[in-house]
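S.K.: Listed below, chain by chain, are the residues.
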Amino acid sequence: MGLKQIELTVNDFSHPFLVESDETLLFTLRNRLYLTGTKEGCNQGTCGSCTVLLDGKPVLSCMTPTLRCVEKKVITIEGISSGENLHPVQKYLVKNGGLQCGFCTPGVVMTAVPFLEENPDASRREIKEGLSGNLCRCTGYKKIIDALENAAAEMRS
Amino acid sequence: MENLSTIGQSLSRPDAPEKVTGKTRFLTDISVENMVHGAPVYSSIPFGKFNNIDISKAEKVDGFIAFVSAQDIPGENQVGVIISDQPLFADKTVRYIGDSIGLAVAKTPGAALEAARLVKVDYDKKSPYLSIDKSRDATGNFIHKTNLACHHRLRNGDIDVGFAEADTIVEAHFKTPYQEHYYLEPQACIAFPIEDGRIKILGSLQCPFYIQKAVARIFGLPNEKVLVEQAPTGGAFGGKEDIPSEICARAALAAMKVGLPVKVVYHRFDDVQLTSKRHPFQMHYKVGVRNDGTLVSAKILLEENAGAYATLSTVVSYRAAVQAMGPYVIPNIHVDSNSYYTNLPPTGAFRGFGSPQAAFGHERMMDIIADKLKMDPMEFRLKNIVKPGSQTQTAQRLNESVGAEETIQKAARLAQWNSFNPDRSGRYKHGLGMSAIHYGNCLGAAGWHMDGSGVNIKILPSGDVHVAYGLIEMGQGAETVVTQMTADALGIAPSRIRVLPTDSAQVPDSGPAVASRNVIMTGNAIRDAAKKLLPVLKKAASELIECHKSDIIITNDKVTDNQSGVDVGFHELCDFMSRSNMSMEFTGWWHTPPLEYNAETGVGEAYFTYSYATHIAKVRVDTLTGQVFVDKIFAAHDVGKAINPAGIEGQVEGGVAQGIGWAITEDFIMDRGVVTTPNLSTYLLPTALDCPEVETIIVEKSEPDGPWGAKGIGEPSIIPTAAAIANAVSSAIGIQMNEIPLTPERVLNQLNKTEIKK
Amino acid sequence: MKYFRPNSIDEYHELLVTLKETSMSILAGGTDLMPRWEPDKGLMPDVLIDIKKIDGLMGIRENEDEIIIGALTTIQDIKKSILMQNEFGSLSEAARQFAGVQIRHRATIGGNICNASPAGDILPGLYVHQANIQLIGPNGSRSIPISKFIIGPGKTMLEPGEIVSEIHLLRKGVKSLFYKLGLRQSMAIAVVNFAIAYQQDSNGAFTSLNIAAGSVAPTIVYLESFVDAIMSGVSLDEAIQHVDIDISPIDDIRATADYRSTALKNVLEYNFRHELHQGNE
Chain Y
189 MGLKQIELTV NDFSHPFLVE SDETLLFTLR NRLYLTGTKE GCNQGTCGSC TVLLDGKPVL
249 SCMTPTLRCV EKKVITIEGI SSGENLHPVQ KYLVKNGGLQ CGFCTPGVVM TAVPFLEENP
309 DASRREIKEG LSGNLCRCTG YKKIIDALEN AAAEMRS
Chain H
159 MENLSTIGQS LSRPDAPEKV TGKTRFLTDI SVENMVHGAP VYSSIPFGKF NNIDISKAEK
219 VDGFIAFVSA QDIPGENQVG VIISDQPLFA DKTVRYIGDS IGLAVAKTPG AALEAARLVK
279 VDYDKKSPYL SIDKSRDATG NFIHKTNLAC HHRLRNGDID VGFAEADTIV EAHFKTPYQE
339 HYYLEPQACI AFPIEDGRIK ILGSLQCPFY IQKAVARIFG LPNEKVLVEQ APTGGAFGGK
399 EDIPSEICAR AALAAMKVGL PVKVVYHRFD DVQLTSKRHP FQMHYKVGVR NDGTLVSAKI
459 LLEENAGAYA TLSTVVSYRA AVQAMGPYVI PNIHVDSNSY YTNLPPTGAF RGFGSPQAAF
519 GHERMMDIIA DKLKMDPMEF RLKNIVKPGS QTQTAQRLNE SVGAEETIQK AARLAQWNSF
579 NPDRSGRYKH GLGMSAIHYG NCLGAAGWHM DGSGVNIKIL PSGDVHVAYG LIEMGQGAET
639 VVTQMTADAL GIAPSRIRVL PTDSAQVPDS GPAVASRNVI MTGNAIRDAA KKLLPVLKKA
699 ASELIECHKS DIIITNDKVT DNQSGVDVGF HELCDFMSRS NMSMEFTGWW HTPPLEYNAE
759 TGVGEAYFTY SYATHIAKVR VDTLTGQVFV DKIFAAHDVG KAINPAGIEG QVEGGVAQGI
819 GWAITEDFIM DRGVVTTPNL STYLLPTALD CPEVETIIVE KSEPDGPWGA KGIGEPSIIP
879 TAAAIANAVS SAIGIQMNEI PLTPERVLNQ LNKTEIKK
Chain D
3 MKYFRPNSID EYHELLVTLK ETSMSILAGG TDLMPRWEPD KGLMPDVLID IKKIDGLMGI
63 RENEDEIIIG ALTTIQDIKK SILMQNEFGS LSEAARQFAG VQIRHRATIG GNICNASPAG
123 DILPGLYVHQ ANIQLIGPNG SRSIPISKFI IGPGKTMLEP GEIVSEIHLL RKGVKSLFYK
183 LGLRQSMAIA VVNFAIAYQQ DSNGAFTSLN IAAGSVAPTI VYLESFVDAI MSGVSLDEAI
243 QHVDIDISPI DDIRATADYR STALKNVLEY NFRHELHQGN E
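Chains as they are written, first to last, in the working numbering: chain Y, 189 to 345; chain H, 159 to 916; chain D, 3 to 283.
Hint data in this document are derived by calculation from the structure and do not stem from the laboratory. Incorrect hints may appear among the rest.
Stated by the list, open to error - Chain D is nowhere near these chain Y residues, computed Cβ spacing over 10 Å in every case:
(1) Glu195
(2) Lys245
(3) Ser269
(4) Arg312
(5) Gly321
What the hints assert, rightly or not - No more than 25 Å apart at the CA atoms, straight line, and that leaves these computed lysine-lysine pairs for BS3-like:
(6) Lys415(H) / Lys215(H)
(7) Lys43(D) / Lys278(H)
(8) Lys157(D) / Lys260(Y)
(9) Lys81(D) / Lys265(H)
(10) Lys4(D) / Lys265(H)
(11) Lys716(H) / Lys616(H)
(12) Lys278(H) / Lys279(Y)
(13) Lys716(H) / Lys192(Y)
(14) Lys4(D) / Lys260(Y)
To be verified - The following label-pair restraints were derived from C-beta to C-beta distances:
(15) Val236(D) / Lys911(H): 43 to 53 Å
(16) Phe578(H) / Gly156(D): 41 to 51 Å
(17) Thr251(H) / Ser250(D): 17 to 27 Å
(18) Pro220(D) / Leu206(Y): 38 to 48 Å
(19) Lys181(H) / Pro308(Y): 24 to 34 Å
Given the structure is predicted, the values throughout are model-derived calculations rather than measurements. Cβ coordinates follow ideal geometry from the N, Cα and C atoms, glycine included.
Given the sequences, and given the hints that come with them, work out the whole structure.
M.R.: The structure is reproduced here in structure tokens:
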């Protein structure tokens, strides 16, 4: 299989590197850029753990061919907060105990951030709908939803 | 009265900031130099023999390195954790689709997977046993020496006399299904060869010491030659109790063979097909009761589908047997709990460990009897509930920390049980259902010999405190509560404490991280260490401050001379101790109290204490489709003492969600031994929209042998849920639903059969 | 595998002429195709043509008679469209219930049509609104009604080299609703779904009625016998029995044929009685 030289913009940095033509963005992020914050839960587009932002929209990186991302902006969990300053979504997930094993957490953050930016007044029910593509096996979701409600309030103010 | 400054507070998780930023490196995220990859080669038939393994095609895969199989084992080809019935690599006989043949090793995970798929095995097929009934009724051609994997019994009182005294005798049959753990991080480990012949394992795991023993056995090495470290683990729920032992042992064999670190990450399809699940149960209950609602006699048969190997079936079967009639007083009881081998994936540990199944039996039974007696199900339960001074079904006298009654009362009050009076004329029928349980904490009489745990507390000159413990963090919040308990045991700030990743080289064998035992075991071990440590600290402080050591008080991170009021910071004391060449490392150990238990009759002290819980489910049934919607769960839990209330809520909310999945959406299906629901679009975990709001009520009946009075919560959280939902549905539609999952189809079929429709 | 990403239809057709490979897939959103190749990459075609970048195939536009949806319009865009919500309620509701947000952002209406799943959530709405599928091929373009375009599970009338370019919906002031029965409340594949498009006169009598159901046959099917029975004025109780003439469900891991039939009839009857006020409430 032929490797292709491409340039990918991830977290505002442009990286030139070689990729296989059949690889997914998830594979590229984890194995070529060592950005392991994006998790591989099912590789089937069914769990949401690998969610990243592609041109600002949440997508599943396990179902996105890397070559499709050329000339687009990819943001991963590593690009959501800078240094010690957590994004309100992250801050309240910590505060409200909205995580246990933490494996689904980066995907939850990557879904919640654009959702709350777009829907700052979302109701609890709407937050649940917005998050329904992210499976969590530990928390039962309640504290995640609590955290997102609190984050939304902070993002509104 | 002890001065508690962090116990009882909802301290936030120390691991949370790294988890929300993606910095936590789970095992699957870890790569090391020169690492190669392994993929499992396994049986494609449910039962039979094989002669030849042909790897010629696999060898041609680009990047292929080695194939590891039974002939590479220097020690014993055996990984059975309790019963020695499971070879690490199948030795001529395969017993389920997934039974291990070998491990293909290659340069990349993809090449390993491809090579594994290309290994060809010739089989002579035998007729497989695919159900409990077929297995039980077999007369020959057994899966092992016999098809009965294990049997536990309880004989207490005289059931014939009991039934003769009964005014009403009720019988019913129940069935509960498989449940797949579906931890979001699959099974994964890395095995490293060490030059001096030792082996190191890094894994996504629950029980480092199980792995240590399993790997040592395979190599014929002493345990200490195997070092096991836990990497951050993306969920376990029992699924990483014994299964990692076999995966790590195979990876270790491969690592020693090729002389390189070998990483094995199960692809999700393999994980679901190969690894253990919750035991399906079929249960027969016959219970006698007086007209006033007093339970007098029970005869219970529990039959469990153990799958191809016993793994942990003996202890699952034991727990189900001793909890079979729930938290009720019943003077005459016979229980038989039989686990049968089948040619299906082995079943084993899953949160609750036989308890959710038994709870489904006894709690459905309680509702069916109450219905027969025209009694309120809550009143009927309260009539029979265990109280301080009561005896359990195994004739164990309960003295303190018996909060069963209070959990019922508090849950009922919050759910407005007494005023619930729904309109049932429309499309949606509403129902309220209750379920009460008890759960024996720690390993109990069947596992007492390994029910001890240790810690190692190290004071650093900086004032930081490192705690090494033998149990693990798998998401449940162990690090958080270990931090809190250490802080209050020593009187210092939680911010000083760092809980180290679990490492077999740092602590003695502390048994498995299971059975809701972390808080109790590690907490008591911390207290033991603190007992040795505090006098040393006080003596040092008296030298530093120049006062009497009996006047020293360490609290709120300060070391104070109570006489003069002079104080120093804890870190100053540590610095002084370091400069004075004092010992700064202390170990602690605790084992559960001895139990008097007769294994022949099953009578006696089964567990040293019990957690109690009551769940009330509020449901809505769509009579047109049979869909069940859970609108609310009220969950009251007697935890002895809440070390971290938010952590307890988290456990309860998560347990309830898994209980909802088991009760309604998680329909695990196999076709002749092949899992036909191998992914998350066919095996349906509850989503955020499927999980209701959960109201957690914490009841604190202090346990004298628990640290600060605490008992376990991890498993009690899931145990009552499914039964509460089934009770609510049964009440809503007026039909006894005795089998789960309550799929729309199962519910609609029942509705149609009884023509209650519309 | 070779990957191509043409920028225009012309570029796409030029590309086709040069390709020698035998197996080829067209990638739109990728949400159905990508999981099929996991973990066995050997299942991937020799050539993957990513059409997502082709100009002019995205977005919803309107003229006096029609609403025209570009084939690469995402399900999320359909969900958010006020136009769709106002005039094509069943499609708007189907988009709302479609998978999770990440998939809605990638999955396209054209891809959903070409995937031709018997359970596709977007399809019943397109059937009842009698959508026309516009195709562009090397030899020009053509238009086919959706019900003729889809011919079996995963099978369509798409000729080699053709792609779906647009979906045309006539604005006839028809109301429509969508219903989906899944095994959980989100991220579920329909066990049964259906859409009803209808017009009623001031007395509540139907002046037009069209129903299409999914997951009850190899393709989405029109419930023609049932509709005929209703329109001919027979009672709802009797008419509902005609549904079994229209459908041919099968057993699979999600449900049995019997269940699909029963649940469909139950909910359909309920909708006619309580939402559309037919028969006795």
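S.K.: All the hints need checking, so say for each whether the structure fits it.
M.R.: The hints, checked one at a time:
For Glu195(Y), the condition that its CB be more than 10 Å from all CB atoms of chain D holds, with the nearest at approximately 15 Å. Not every CB of chain D is more than 10 Å from the CB of Lys245(Y) (nearest about 5 Å), against its label as outside the interface. The claim that Ser269(Y) lies off the interface holds: its Cβ sits roughly 21 Å from the closest Cβ of chain D, which is beyond the 10 Å cut-off. Residue placement check: Arg312(Y) keeps its beta carbon more than 10 Å from all beta carbons of chain D (closest about 15 Å).
Against chain D, the non-interface label of Gly321(Y) is violated: not every CB pair exceeds 10 Å, the least being about 2 Å. In summary, the hint linking Lys415(H) to Lys215(H) is supported, as the alpha carbons are separated by about 20 Å, within the 25 Å threshold. Only pairs whose Cα atoms come within 25 Å are accepted, and Lys43(D) paired with Lys278(H) is accepted, the gap being roughly 20 Å. Between Lys157(D) and Lys260(Y), the direct Cα distance comes to roughly 33 Å. Violation of the 25 Å bound is thereby established for this hinted pair.
Between Lys81(D) and Lys265(H) the CA atoms are separated by roughly 45 Å; this puts the pair beyond 25 Å, and the hint is violated. Between Lys4(D) and Lys265(H) the alpha-carbon distance is near 24 Å, which keeps this suggested pair within the 25 Å criterion. At roughly 18 Å between alpha-carbon atoms, Lys716(H) and Lys616(H) fall within 25 Å of each other, so this suggested pair holds. With a CA separation close to 52 Å, the supplied pair Lys278(H) and Lys279(Y) exceeds the 25 Å bound.
A threshold of 25 Å between alpha carbons decides the hint, and for Lys716(H) with Lys192(Y) the separation of about 62 Å lies outside it, so the pair is violated. For a cut-off of 25 Å, the pair hint linking Lys4(D) to Lys260(Y) stands: about 20 Å separates their Cα positions. Our hint of 43 to 53 Å for Val236(D) and Lys911(H) is violated, since their Cβ atoms are close to 28 Å apart. The hint said 41 to 51 Å for the Cβ distance between Phe578(H) and Gly156(D), and at roughly 49 Å that hint holds.
At roughly 44 Å, the beta carbons of Thr251(H) and Ser250(D) sit outside the given window of 17 to 27 Å. Remark: the range hint 38 to 48 Å for Pro220(D) to Leu206(Y) is upheld by a beta-carbon distance near 44 Å. Between Lys181(H) and Pro308(Y) the CB atoms are about 27 Å apart, so this pair conforms to the stated range of 24 to 34 Å.
The structure shown violates the earlier hints numbered 2, 5, 8, 9, 12, 13, 15, 17.
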